[in-house]
Amino acid sequence: MTFELIVFYLFSAILVASATMVITRRNPVHSALFLVLAFFSCAAIWMLAEAEFLAIVLVLVYVGAVMVLFLFVVMMLDIDVATMKAGFIRYLPVGLLVTLAMLIEIFLVVGADNFGLDKFPSPAPAAADYNNTESLGNVLYTAYMYQFELAAVILLVAIIAAIGLTLRKRSGTEVRQQDPSRQVKVKKGPDRVRLVKMEAQD
Amino acid sequence: MQFEMSSLMPVLPEIFILSAACVVLVVDLFLKEERRVVSYGMAQISLLLAVLVTLFTATGERQILFDGSVVRDAMSDVLKIAVYLISAGAFLYAKDYLRDRDIFKGEFYVLGLFAVLGMMVMISANSFLTIYLGLELLALSLYALVAFNRDSVQGSEAAMKYFVLGALASGMLLYGISMVYGATGSIEFGAVSQALANSGVDKRVLVFGLVFVVIGMAFKFGAVPFHMWVPDVYHGAPTAVTLFIGSTPKIAAFALAMRMLVDGLGVLHADWQGMLVILAVLSMGVGNLVAIAQANIKRMLAYSTISHVGFILLGILAGTGKGYTAAMFYSIVYAAMALGGFGIVMLLSRKGFEAERLDDYKGLNERSPWFAGMMLLLMFSMAGVPPTVGFFAKMFVLEAVVSVDMTWLALVGVFFSIIGAFYYLRIVKLMYFDKPVDETPLSAGLDTQVVLSVNGLAMLVLGLFPAGLLSICAAAVG
Numbered sequence: 215m216t217f218e219l220i221v222f223y224l225f226s227a228i229l230v231a232s233a234t235m236v237i238t239r240r241n242p243v244h245s246a247l248f249l250v251l252a253f254f255s256c257a258a259i260w261m262l263a264e265a266e267f268l269a270i271v272l273v274l275v276y277v278g279a280v281m282v283l284f285l286f287v288v289m290m291l292d293i294d295v296a297t298m299k300a301g302f303i304r305y306l307p308v309g310l311l312v313t314l315a316m317l318i319e320i321f322l323v324v325g326a327d328n329f330g331l332d333k334f335p336s337p338a339p340a341a342a343d344y345n346n347t348e349s350l351g352n353v354l355y356t357a358y359m360y361q362f363e364l365a366a367v368i369l370l371v372a373i374i375a376a377i378g379l380t381l382r383k384r385s386g387t388e389v390r391q392q393d394p395s396r397q398v399k400v401k402k403g404p405d406r407v408r409l410v411k412m413e414a415q416d
Numbered sequence: 002m003q004f005e006m007s008s009l010m011p012v013l014p015e016i017f018i019l020s021a022a023c024v025v026l027v028v029d030l031f032l033k034e035e036r037r038v039v040s041y042g043m044a045q046i047s048l049l050l051a052v053l054v055t056l057f058t059a060t061g062e063r064q065i066l067f068d069g070s071v072v073r074d075a076m077s078d079v080l081k082i083a084v085y086l087i088s089a090g091a092f093l094y095a096k097d098y099l100r101d102r103d104i105f106k107g108e109f110y111v112l113g114l115f116a117v118l119g120m121m122v123m124i125s126a127n128s129f130l131t132i133y134l135g136l137e138l139l140a141l142s143l144y145a146l147v148a149f150n151r152d153s154v155q156g157s158e159a160a161m162k163y164f165v166l167g168a169l170a171s172g173m174l175l176y177g178i179s180m181v182y183g184a185t186g187s188i189e190f191g192a193v194s195q196a197l198a199n200s201g202v203d204k205r206v207l208v209f210g211l212v213f214v215v216i217g218m219a220f221k222f223g224a225v226p227f228h229m230w231v232p233d234v235y236h237g238a239p240t241a242v243t244l245f246i247g248s249t250p251k252i253a254a255f256a257l258a259m260r261m262l263v264d265g266l267g268v269l270h271a272d273w274q275g276m277l278v279i280l281a282v283l284s285m286g287v288g289n290l291v292a293i294a295q296a297n298i299k300r301m302l303a304y305s306t307i308s309h310v311g312f313i314l315l316g317i318l319a320g321t322g323k324g325y326t327a328a329m330f331y332s333i334v335y336a337a338m339a340l341g342g343f344g345i346v347m348l349l350s351r352k353g354f355e356a357e358r359l360d361d362y363k364g365l366n367e368r369s370p371w372f373a374g375m376m377l378l379l380m381f382s383m384a385g386v387p388p389t390v391g392f393f394a395k396m397f398v399l400e401a402v403v404s405v406d407m408t409w410l411a412l413v414g415v416f417f418s419i420i421g422a423f424y425y426l427r428i429v430k431l432m433y434f435d436k437p438v439d440e441t442p443l444s445a446g447l448d449t450q451v452v453l454s455v456n457g458l459a460m461l462v463l464g465l466f467p468a469g470l471l472s473i474c475a476a477a478v479g
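Protein chains in written order, with our numbering: chain H, 215 to 416; chain Z, 2 to 479.
Chain Z on its own, in the form it takes in the complex (with noise of 0.2 Å):
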């Protein structure tokens, strides 16, 4: 095999990040304490240049590289700058909110740029292996970004626990790789779709593999009964290690599903199906019902991620290229929408004091309107309630659902998720009739406060022109 250029620019973005990273790595070791926001600046700068980097290294084709491990293509390219952006949202939130628990170190960017390569890795995997690796890439960046607070005893409970069930959920998916790789004698998913087109495979080992694949997967979702670690890590972790961990790795699961379920195992849709039903039916309900029972507001947008997790599912298993579509809308914009809910929880908070209890947003209308009808956008789009952009993305998968007739499963989703608005809902009531608890004014700079209301008017803005996004996620699942 020869290495040319011309087989190395398609994966110039992994490049380029893996390269920002080393010299983040190296710069913050000569910098002063005071000086550590150099670290940061450079983190920020290469996730901007790497989305130039990735539109300009794009051809639009599908390319197969390095022996069929890498696969790029535009379903690739959509997901990536997705990751860059609100990676690098992630990154401006959580900068005040270390500084002030003197946490505030080289490291957490350097981790962070590692779990976005990861992520990068996972969305153009064409083979199991190049899959599976990403995927430990990004996870061990989060286990040791959960434990980043090394003085919290929560934050080290919650890396251990994440830890431990992330081996056993890797464990799954290898066995369940193993039995594929058996039945096809193939790692890489266009020669394993290929061997399963051609008849005459077992189909009994490879839907045996296919239940241990299915089951890793869903830990990495958090779907449930797969659940079990996402409320604890959520609300062990530093707030700045859950907004990122909430948000962009989202995307990252939405493209393993895509990759390993419809690239590789494509053929046993009908299998496959079955199993995420019972998952996304179990998440949007445990999710939607235990939420409601949460005084911690981590914990509450932790089983609310459950239950969003099971709506991307409802558009996977449509097995449509408009179910397809449907959920690379809903992972991008839940993505955001996390980044942004997120993001006023740290806005809160402040040295010495978490914004983790409900009743920390109690009038939180009289303290800052402008903050407050964010939040009011945020969580009417984690809702649901029109014309924000959550409403959008939860009508496209019930009508990818619908197409496939499986209308009673729509109905299913619809019932939760005006379950789940009580308490979105009950957020905008503490903010708005009642009155505050803790007067303190929110201290925050001057670029927070800009991006997080970008964060939130973006929620309007793409509720009322959703065509955009959904052209372009259309264009890539293609």
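Excised from the complex, chain H in its bound form (with noise of 0.2 Å):
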């Protein structure tokens, strides 16, 4: 057995792992924690495979900002863990089955019969001077440029609809709202402090 081989059993062995724990851990926080370890597992295995940028790309963005994002709402996010996973063990068989099912017919598919070395052996290494970035920024910007557009405009169109579906305007005293320019309109004196007499508490 290579190193090489080594290596690679190990990080997926670890990702398997941690993805089963994502969905059966009880507290999100681990999940979401789990989730991090599976998504670094991965970019290892993405190096293996000499895709560095994509490999990097996933550590920065997924694990750097998305899922640092994701454990923030799940902690101010008040989840009631106990719904979420009522009818578990009632739908586990079901999906025991099902899951199992799935998997041998994938494993029959993308297993070595039809993906194996022989069928797609595995291609030279790049030269030490190749660049996994160049490569990729070279394509994306032409041969890609249309799609790449339409990417821009998906993401346009998401800000749009959470500004939409969230932003809301209450009036009176429903939400406390900043106004900025009664803010900066505030005279020194009487107008920005109140002075207040109160008793001692003990």
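Mixed in with the good hints, there may be bad ones.
DSS-like, lysine-lysine: derived pairs with alpha carbons at most 27 Å apart [to be verified]:
{"id": "1", "chain 1": "Z", "residue 1": "352", "chain 2": "Z", "residue 2": "33"}
{"id": "2", "chain 1": "H", "residue 1": "333", "chain 2": "Z", "residue 2": "33"}
{"id": "3", "chain 1": "Z", "residue 1": "204", "chain 2": "Z", "residue 2": "106"}
{"id": "4", "chain 1": "Z", "residue 1": "162", "chain 2": "Z", "residue 2": "106"}
{"id": "5", "chain 1": "Z", "residue 1": "106", "chain 2": "Z", "residue 2": "352"}
{"id": "6", "chain 1": "Z", "residue 1": "106", "chain 2": "H", "residue 2": "399"}
In short, the hints are calculated from the structure, not lab data.
Bring the two chains, given one by one in their own frames, into a single complex with the hints.
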């Protein structure tokens, strides 16, 4: 067994184990942290496949930004785990059956028979001066220009949708809002500070 | 790669709609609440101008652009123009409905235009990546539109269901595409079909990938057994949005099937034909049978959509030019029928009242004989009663199926459409032979009344003279 293969199996094992933990942990924070581990081992496998740029992007974007944001949301929201898990045991047998059937089918197709090394020999390793980022950039802005622009439009729609669905202008006492123009107009003196005499408490 | 005018001209319609959506977005920010109608007007004008732009840049030849990402051919032009016109109708019907419910906002039209852009991208996609991005652009805009009335619990629930199931379907589609890529080494339709034609590619992997591609597509079509989201989304969304979701995306779904299955995986026709037979028979069966039990007209029309999708699939699975023409004719006609059907639902609704129950249609003839007549034409057309256009749409599809020696399938189609006729005719009976429960006079703007009349009469006129549209479709499929 070559060193490469050992590294591959090591990270794959961590990946599968942490992915299982993501869906079985009771505490959503633990799930999110295991997801970070899953992404990280996935990045290591990509690195092994000589996709260095993608591996780094996965760590930077997913682990660094998306998951931190996700953890933040999980901590802010009061998620009732009990209701989320309700019916888990009841649906487990059916779920397992479906999973098993799909696993066997996928294994038959994606297994060594169809995607073995004899069908898809591993490509020759790239030269030492080969630049992953550069070659990606070269096609991204030329051959895939149309798709690149479309992805930008999708992000724009996501922004519009998110703001459209969450921005609320409420009036009255329902929500306390800042009014910057009034804040700026405040003058020194009694306008700004109000001293209140209070009884000392013990 | 050089970017010259010659390579940008064919995508001018897309560029135009994108710019229009951005302009509406910015202008809308500076409008006062009572001037909101300006955004609406701009959206309408840009859709109508897009028709002209598409016509003027059409060459009639098949052009492949952007390193094989985009295709511009006669079919894309016809489908795009149908999408513009039907979307313009949907925007128009939506105006009064949204205003009555205090959700008349510029975002509706901005998101609507982006959805139109997504459909255009799907219609002229020439690679799996482009078609996927177009699909996501459409879907993302629709998710936001379904949740558009933020104070409605039903709307949020429908949006959530739509979002989760839509994401799942996209995942399936992507997994299937990855298998196709693994077996052929390309995501561009031309290259994929060339790789398939050279024997020696592994068929097992391809068929496995094909299954996932078809499942993803069936989700987007709303074909049984992947239809669970359709009734809930149609029911939960504001009717203005239901109208939009129910009409034009069916044209885009037809394009999706044509591009992926015919342009890309056409060599595997024998394999996907069997899958589409199952989907079509189940859709026609479940759609028509369950629709009978619905007391809510939006749910009823949702199940009716499912059954019509079965018919569109029948045309595609025939696998001949005749079948594709029939399916294209059917999808355009269906989009127009759904537009009119939901248009009537919105006409009867008013501030604080949704004409959702079937009982709300009782005695419509006494309240407004003209619009009862329009609804009659639309329902006859959906049921497939001659001389309305729905009859010819069904006939062309069945003819195509019979001509490839699948007579049994045509019989199944006829059988279920006879069952389906029951619930369409029930509406006609309620309108003409029952006493009205609600006597409130109909209040709709002149524009809505005129367009709705044109929409209804079009069913009759197209039915009397179906040859025009049919020959356009036949030329487009070519």
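Against the structure, the hints:
1. Between residue 352 of chain Z and residue 33 of chain Z, the direct Cα distance comes to roughly 22 Å. Compliance with the 27 Å bound is thereby established for this hinted pair.
2. Note on residue 333 of chain H and residue 33 of chain Z: the hinted pairing is violated, with a Cα-Cα distance of about 65 Å set against a maximum of 27 Å.
3. For the given pair, residue 204 of chain Z sits about 51 Å from residue 106 of chain Z by alpha-carbon distance, which is inconsistent with the 27 Å threshold.
4. Distance check on the hinted pair: residue 162 of chain Z and residue 106 of chain Z sit about 24 Å apart at the alpha-carbon level, within 27 Å; holds.
5. Simply put, residue 106 of chain Z and residue 352 of chain Z have alpha-carbon atoms about 16 Å apart, close enough for the 27 Å limit, and the pair holds.
6. Using a Cα cut-off of 27 Å, the hinted pair residue 106 of chain Z and residue 399 of chain H is violated, with the two alpha carbons roughly 32 Å apart.
Of the numbered hints listed earlier, those contradicted by the structure are 2, 3 and 6.
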